[in-house]
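S.K.: Spelled out from the first residue to the last, the chains are:
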Amino acid sequence: MATLNEKKTCSERMENFRRFVWNPETRLFMGRTLINWVWISLYYVAFYVVMSGLFALSIYSLMRTVNPYEPDYQDQLKSPGVTLRPDVYGDRGLQIYYNVSDNKTWEGLVTTLRTFLTAYTPAAQHLNINCTSDTYFIQDTFDGPNKTKLSCKFTSDMLQNCSGITDPTFGFPEGKPCFIIKMNRIIKFFPGNGTAPRVDCTYADDESRSLEVDYYPVNGTFNLHYFPYYGKKAQPSYSNPLVAVKFLNITRNVELKIVCKIIGAGITFDNVHDPYEGKVGFKLKIED
Amino acid sequence: QDDHKLSTSDLEEKYGTSITKGLSSARAAEILARDGLNSLTPPKATPEIVKFLKQMVGGFSILLWIGAVFSWISSGIQIAQGAESPFDNLYLGVVLALVVILTGIFAYYQEAKSTNIMASFSKMIPQQALVIRDAEKKELPADQLVVGDIVEIKGGDRIPADIRLIFTQGCKVDNSSLTGESEPQSRSCDFTHENPLETRNIAFYSTTCVEGTATGIVINTGDRTIIGRIASLASGVGNEKTPIAIEIEHFVYLVAGVAISIGVLFFIISVSLRYMILDSIIFLIGIIVANVPEGLLATVTVSLSLTAKRMAKKNCLVKNLEAVETLGSTSIICSDKTGTLTQNRMTVAHLWFDNQIYSADTSEDQTTQPFDQSSPSWTALSKIVTLCNRAEFRPGQENLPIMKRVVVGDASETALLKFAEVILGDVMNIRARNKKVAEIPFNSTNKFQLSIHETDDPNDKRFLLVMKGAPERILERCSTIMINGKEEPLDSEKAEAFQTAYMELGGMGERVLGFCHLYLPEDEFPDTYPFDTDSMNFPTSNLCFVGLLSMIDPPRSTVPDAVSKCRSAGIKVIMVTGDHPITAKAIAKSVGIISATSETVEDIAKRLNVPVEQVNRREATAAVVNGMELKDMSLEQLDEILCNHSEIVFARTSPQQKLVIVEGCQRQGAVVAVTGDGVNDSPALKKADIGIAMGIAGSDAAKNAADMVLLDDNFASIVTGVEEGRLIFDNLKKTIAYTLTKNIAELCPFLIYIIASIPMPIGTITILFIDLGTDIIPSVALAYEKAESDIMNRRPRNKKTDRLVNEQLAVYSYLQIGIMQSVGAFVTYFTVYAEQGFLPSTLLGVRVNWESNAINDFEDSYGQEWTKYQRRYLQWTGYTAFFVSITIQQVADLIIRKTRRNSIFQQGLFRNKVIWVGIFSQIGIALILTYGLGHVTALNFTPLRFQYWFVAVPFAILIWVYDEVRKLLIRRYPGSWWDKNMYY
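As you go down the protein sequences, you meet chains A and B in turn. Counting from 16, one number per residue, gives the positions in the first sequence under the numbering used here. Counting from 557, one number per residue, gives the positions in the second sequence under the numbering used here.
Think of the hints as simulated: they come from the structure by calculation, not from any bench. A portion of the hints provided could be inaccurate.
[Claimed, not checked] Each pair of labels, with its calculated beta carbon distance range:
1. A:65 with B:647: 39 to 45 Å
2. B:606 with A:78: 38 to 44 Å
3. A:283 with B:1502: 33 to 39 Å
4. A:107 with B:614: 41 to 47 Å
5. B:1502 with A:302: 51 to 57 Å
6. A:36 with B:1534: 24 to 30 Å
7. B:633 with A:210: 45 to 51 Å
8. B:1364 with A:248: 47 to 53 Å
9. B:1364 with A:283: 52 to 58 Å
10. B:1513 with A:220: 56 to 62 Å
11. A:278 with B:1404: 39 to 45 Å
12. A:248 with B:1513: 34 to 40 Å
13. A:59 with B:1192: 45 to 51 Å
Virtual Cβ for every residue (Gly too), placed ideally from N, Cα, C.
Construct the entire structure; sequences and hints are all you get.
M.R.: Listed below in structure tokens is the structure:
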């Protein structure tokens, strides 16, 4: 078979390219006449306008079909995630390290808590009603104003010692820090099957070792009247119930692995892939 | 190298052998160990490891290697930084490397397989040689021969080595493979010429012994033979890029250019959008992977080898896969005459008796002859044909058709024997009944052959003298002529009629023989008359002329059709032959290489009755160029001939001149296919864009040099090959268009992800599953697509302008269908997210928080909160949905790519069944990936809700409708702006 080697020098290539960009003899700009460029551009403009229109139409009809109050599917939200405040993430998840004698190390943590709890001041909660029943707060109708549903009030004072009201430093300088556990909202999720789910904190590596913890509210339960959640549109002022945990006997200068689980029917914490489903684990190290 | 000058005894001494006893086995083994096998060293092959490594870095592999290295680097950085999931990029790099290695292995395997086909072919017929060793005759494989061996050769054998002859009996060899002379040359033991190539006492390796027997001493073996030296010269000519290789390279450059420029552009964009360099590098990898059609080169290889297989079934064995397409772009075929255009068998074509010319059937499988056989003159003629003939069938072939039987005898006698056998039946029996009493064989001085027979009529005691030979010589010896069975005096009028007939038959390029007979009077020649052929004691003049028979090597019956196909396909067929110009022209006319209406300069001169010089050369469409003229021609003159004449025959050419002709054609910018069989055709075969060797008549050297081997030596097979070659070019266009389309749908997610900061719509690994999973079988299936219109009715493609991947193809695939696919896939993506809680408006700009490991209460449009893993799983669901919608739309893409101009309904949806295999495989693989492997987290697939399979269906239909409209407008308005911009 014959050799078809068309080796060109660099200058020839440049020259060829230049001729391609503008060929004065045939009056071709990049291989087309100018008028041809206009036509082809117009065609593509029209084409893309139509395609954008189709896309917009599709998205519009999609928006028409979705329910504004709740999503069609909750395939991924079978069990709620759990988060911790203050939330300082290191290389491998939550890491709360501080030195009791160095207030710079814990002031940031305290501020985080304080900021977090600003959503739970009576002023912030004034739209919500006081609930007393210990059962699910089921609302089939829109009883609230502007076609909304009512939400129960959760104020920071329910966290008692960890509310930041009595102790603005949340026990951090004493080495008995408060942490706030929050359960993620899931629409129409009924946790606990009639019994209030509660938080249970243990050492992650050794559950038998007892960890002295105070839970607020008492027993570390999420009251059932905060459930179910009906979605942002129905309950615009809804705020998650919280549980605060105060660790009382933390060994100093040792990194401790602690996990706080939410115990209750319908809440699973054994998903190997998801470290924050139904539980929250963190490392705590208090130095002095 | 003066063995031809030495005497026999000197030779015995020189090689330590004995003419009667040969070498001892022990000595032979020694020499074999010293000299090596008696076979030509195949052209130096590239080492396997180099071939393998070439596959590893060729094509897109470099890009993917770059991607892999980048992934490793970034994972290295991540590990150093102690990030949470540093292994993702490591895996990605490993996967990319695996992809390169696997496709490389695949391509290497394909290449090795096609090389093996060829290797097995050349080993099919191990040659045997009859050797005297240890004073015994032995059959040995020819490659075991050593210098000094005594070998015996008989008619029909191939000469196993260079041999100095020491005993011959009527030995003739066909040196055409060496020197190009087609006439057999006689061989004797005498030293006749200083030059070993010219002397008669040497027979050369790989030539054939045509007739007779000979014994000789082997003087050269293997690469030291004359042929070996020529062959090693030929293999020096480089073997470089085929047209399709150039096209594919062009395509790779194009895609790589797009990939790199988009990659770099978005690298810059992402850096300026304050993405981290590390992230930007990862985007770059994604963009490269999305842009590169990883599976395409493998697909092209498979398609080509499928075509090669199909061609092998049609007797075209392709050595080099890419030659498949080269054949399709061929614009000039330089064809041999003998054996390729013709049957390579002398056949009686015309008869003349009773003052009339009859034509005979010359087709390959004649069983009867249709001409008028009632005349008594025919009876007389047939008797002469039967009796005055030394040729005989080899025994034991009674069951074979007459035309296939092997005959001992020269070509003309064979023709006559078969002709007689067809008409009269058992010729041998007739000969037995007419016992031969004397015979003078043909020789070049008297130019006739004569024999005297008893008659088979018991009442007729006369002897019959029959004679055949050169017509004018025969006529000289005749005084009467037989007309309708009666002897009439041969007057000048009848002699004139003879002359006219003789000229007419001769003018058709046929070899004419005259036949006459004489019944010897009983009284002068009684039963016991002692006929003596030396003193010729019988009359050899005043005979009765009976008739003429003319013979020709007739064209193969399929050839005229094939030539006219070539003509309509815009392919110029040039005949290059060593034969006489008249014969060459006659055959050219009968197969249509010179069409019935066209004239040569000489024809015009004759018609106008003016000297040749006065004819305007441009008026003549045909030309018959003699090799002698060609020798004196300058290159410009040759170019002029090739340019100005559409129908050209080169006659009396030597194989060296063939090379000149090929080069001349290539100067015209043509893609030239050349057929050849001889060893010294190999330079021309190498030089040609595609060299075609003859499988039956071809020498090994020719087959080695060629890109293709015609198993049946038939010109018509070349035309089938051209058709397949053109079809595969068209189909590769379709395959590439199909494959390129989805690259946009894979690329857009990255671009939108970078610009709009939405959650990643598709993963790099998922892209690889499309490119190397669902898309592979469909793109191969397009290779089975039938031609849209008669591809043999258009001109060969211009290799400069008709690119495989042209601007229209790329633009239409990338900017139109690709965009539609992207829109369809994005609609699916947004649907999945919206129905799970993330409305499109929420998704914009969420990338940083979405991907943050530190946010485990990420709020969706409904106020629900998601952990990182829950979001990630949703992201994978998005990948799967995107993947599924690309797959669904690729089904539509596959269907539209079946045709480029015709409507799908014209082409038929079900004619190509393999397409459906492709569609089902595509959907099947997608189902397996989503539902079967949906739980393997590393693959990033999730079991998708079933309804999401259908979100993209309207877009698939839109693609199909849009393309139908495109094709409709192309068909309606050929040559319009639309046609120019939308037809690829």
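S.K.: Run every hint past the structure and note whether it holds.
M.R.: Structure-based check of all given hints:
Between residue 65 of chain A and residue 647 of chain B the beta carbons are some 41 Å apart, a value that agrees with the proposed interval 39 to 45 Å. Against the hinted window of 38 to 44 Å, the Cβ-Cβ separation of residue 606 of chain B and residue 78 of chain A comes to about 60 Å, which falls outside the hint. At about 26 Å, the CB distance of residue 283 of chain A to residue 1502 of chain B disagrees with the hint of 33 to 39 Å. Checked against the hint of 41 to 47 Å, the pair residue 107 of chain A and residue 614 of chain B passes, with Cβ atoms roughly 43 Å apart.
About 56 Å separates the C-beta atoms of residue 1502 of chain B and residue 302 of chain A, a value consistent with the hinted range of 51 to 57 Å. Taking 24 to 30 Å as the suggested C-beta distance range, the pair residue 36 of chain A and residue 1534 of chain B conforms, at roughly 26 Å. The beta-carbon spacing between residue 633 of chain B and residue 210 of chain A, approximately 49 Å, falls within the hinted interval of 45 to 51 Å. At roughly 50 Å, the beta-carbon separation of residue 1364 of chain B and residue 248 of chain A lies within the given 47 to 53 Å, and the hint holds.
As the Cβ distance of residue 1364 of chain B to residue 283 of chain A is approximately 57 Å, the hint placing it in 52 to 58 Å holds. Under the hint 56 to 62 Å, the C-beta atoms of residue 1513 of chain B and residue 220 of chain A, about 58 Å apart, fit the expected range. Judged by the Cβ atoms, the range 39 to 45 Å given for residue 278 of chain A and residue 1404 of chain B is violated: they are separated by roughly 34 Å. Checked against the hint of 34 to 40 Å, the C-beta distance between residue 248 of chain A and residue 1513 of chain B comes to roughly 35 Å, which is consistent with it.
The given range of 45 to 51 Å is respected by residue 59 of chain A and residue 1192 of chain B, whose C-beta atoms sit roughly 50 Å from each other.
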